[in-house]
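2 protein chains.
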Amino acid sequence: MNASENKRLLFPKGEKASPEYFTGTAWVKNLVPADDTFNTWIGNVVFEPGARNYWHTHPGGQVLIATDGVGYYQEKGKPIQLLHKGDVVQILPDVVHWHGASPDSQFTHIAINTNSQKGTVVWLEKVTDEEYYSLTKAATI
Amino acid sequence: MNASENKRLLFPKGEKASPEYFTGTAWVKNLVPADDTFNTWIGNVVFEPGARNYWHTHPGGQVLIATDGVGYYQEKGKPIQLLHKGDVVQILPDVVHWHGASPDSQFTHIAINTNSQKGTVVWLEKVTDEEYYSLTKAATI
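Which chain is which? The protein sequence lines are A and B, in order.
All residue numbers for the first sequence refer to our numbering, where the first residue is 1 and numbers rise by one.
All residue numbers for the second sequence refer to our numbering, where the first residue is 1 and numbers rise by one.
Warning: the hint list may mix true and false statements.
One copy or two, either will do: identical chains are not told apart, so a pair holds if it fits within one copy or between any two.
Simulated crosslink set (DSS-like; lysine-lysine; CA at most 27 Å straight-line) [unchecked claim]: (1) Lys118 / Lys7; (2) Lys13 / Lys85; (3) Lys85 / Lys16; (4) Lys29 / Lys7; (5) Lys85 / Lys29.
By construction, these hints were calculated from the structure, which means they are not laboratory data.
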């Protein structure tokens with residue numbers, strides 16, 4: 001992390017996200033574990049440009065808070081939404097979705113997995129390049 | 001909000017916090033309502049220098065994420081802790097505490113009230129000036 005990133009970002013990058021569930025390079029910093037007191041997992045995720053996670057669901061729901069860069073969010077069957085600093089996404093339980101950076105910008109969000117006693121994440125299939133680039137084919141960012 | 005604040009901060013200031021539960025000027029921006037899907041209230045709070053909330057508890061617990069400035073956090077019977085950007089505070093259910101800005105700096109945090117189905121907040125008495133200034137009397141910030 002360079003000095004400018006260090007000053008701008010809230011958290012250090014953390015651990016490299018698993019290539020089993022992420023395409024490209026992303027970093028996950030655990031902030032609050034999913035215990036039976038808070039019933040909430042909280043983490044910070046930094047996606048390098050082009051990086052994204054696989055399609056997945058959260059049995060207890062999730063809230064994303066975009067804090068830096070330009071990101072992508074997509075629910076199955078809907079178009080990709082652009083995310084910018086300060087955007088908040090409420091993801092209902094069991095909704096199939098993915099998130100990540102846009103092709104040309106790093107992206108950082110805080111993830112809040114609510115009702116973690118119901119399970120935090122169910123991973124599904126990879127987001128294909130065709131799915132990922134569907135926005136840039138449709139319009140200029 | 002001036003241009004520099006606007007660029008730095010994640011969220012607009014929101015609504016003025018109730019003088020019933022806050023000393024000084026603070027602003028609350030609701031991000032996620034306490035509904036029965038997420039069971040979580042999320043909001044952003046900006047405290048002007050010297051501002052703080054009253055002593056209170058959260059029946060379902062709370063997590064604070066400091067995002068800007070220098071803040072104070074105190075649990076009953078313990079010394080005041082300083083909070084800086086990137087600090088995360090886990091507040092157990094029913095622990096009596098307060099938070100706010102330090103005397104000379106604005107402070108901003110995201111507040112995540114977990115298990116909101118158990119109740120989000122129980123307000124208690126005002127934080128006195130003696131309590132608030134106990135840190136600056138003990139040491140230089």
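A quick look at each hint next to the structure:
Taking the shortest alpha-carbon separations for Lys118 and Lys7, neither the intra-copy value of 36 Å nor the inter-copy value of 38 Å comes in at or below 27 Å. When the C-alpha separation of Lys13 and Lys85 is checked against a cutoff of 27 Å, the pair qualifies both within a copy, at 17 Å, and between copies, at 15 Å. Taking identical chains as interchangeable, the C-alpha atoms of Lys85 and Lys16 lie at most 27 Å apart whether they share a chain (22 Å) or sit on different chains (22 Å). In this homomeric assembly, Lys29 and Lys7 come within 27 Å of each other (Cα to Cα) both inside a single copy, at 17 Å, and across copies, at 24 Å.
When the C-alpha separation of Lys85 and Lys29 is checked against a cutoff of 27 Å, the pair qualifies both within a copy, at 18 Å, and between copies, at 15 Å.
When each numbered hint is compared with the structure, a violation occurs for hint 1 only.
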